[in-house]
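Take these sequences, add in the hints, and give me the full structure.
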Amino acid sequence: DAKTTQPNSMESNEEEPVHLPCNHSTISGTDYIHWYRQLPSQGPEYVIHGLTSNVNNRMASLAIAEDRKSSTLILHRATLRDAAVYYCILIASGNTGKLIFGQGTTLQVKP
Amino acid sequence: DAGVIQSPRHEVTEMGQEVTLRCKPISGHNSLFWYRQTMMRGLELLIYFNNNVPIDDSGMPEDRFSAKMPNASFSTLKIQPSEPRDSAVYFCASRPGQGATYEQYFGPGTRLTVT
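Here the protein sequences line up with chains A and B, keeping their order. The opening position of the first sequence corresponds to residue 147 in the working numbering, with each subsequent residue numbered one higher. The opening position of the second sequence corresponds to residue 16 in the working numbering, with each subsequent residue numbered one higher.
In short, the hints are calculated from the structure, not lab data. Just so you know, not all the hints are guaranteed correct.
Ranges between beta-carbon positions, derived for each pair [as the list claims (entries may be wrong)]: (1) B:GLN32 - A:SER187: 22 to 30 Å; (2) B:ASN66 - A:SER187: 25 to 33 Å; (3) B:GLY31 - A:MET205: 42 to 50 Å; (4) A:GLN249 - B:ALA87: 28 to 36 Å; (5) A:SER155 - B:MET30: 47 to 55 Å; (6) B:ARG79 - A:THR198: 40 to 48 Å.
Residues from chain A that face chain B, not an exhaustive set, calculated with beta carbons under 7 Å [as the list claims (entries may be wrong)]: (7) MET156; (8) TYR178; (9) PRO186; (10) GLY189; (11) THR242; (12) LYS244; (13) PHE247.
Quick caveat: nothing in here was measured; it's all calculated off a predicted structure. C-beta atoms are modelled at their ideal positions from N, C-alpha and C, and glycine is treated no differently.
Shown next, in the form of structure tokens:
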């Protein structure tokens, strides 16, 4: 599976937008981009995924670069509850879908 | 929907004892995964099942670890004998289908401490 690179940590103010970057320069054409997050003392939870087009759901938006070598998870209005570790993971379409977690980005949200 | 259920939530045991962790996946999900999380190694996939059959156990650290899925609604992860380095949080996850477009649903985890 292709590798992803994320900043170790980011800070945000409450009620402001947050843009979490992910680089995946070796992505292949059939790799899906998935985002999960892990709140303190909880199991990971799915956030969003996409292939080529930008995606929106109730939790976040995913912006995918035209060359697909990078993507950005956008939280439109951060709340204190969004403080978590965010993981960007690539999954090949022919893969059985197992997740390989990196170190992720630890997001701190300040009131 | 109760989500993925894991038991026990916390387990403290002495080195050399057998430990059994349990997982009930979401009804209708046909894939099940066991992960381990430590500060040093982060989240690691141990094994996953599809339709109750183990597909990939390459992440199982050694023969002391074994996992079973006797039916679609129950799985166990057993460590025998346990060692202090097995101390970690163990997560179970399930998924409604196979492939890259399906999301995984994680349980709350079992925090294992081996003294």
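In ascending order, which of the hints set out earlier in this document are inconsistent with the structure? Per hint list: 5, 7 and 9 violated.
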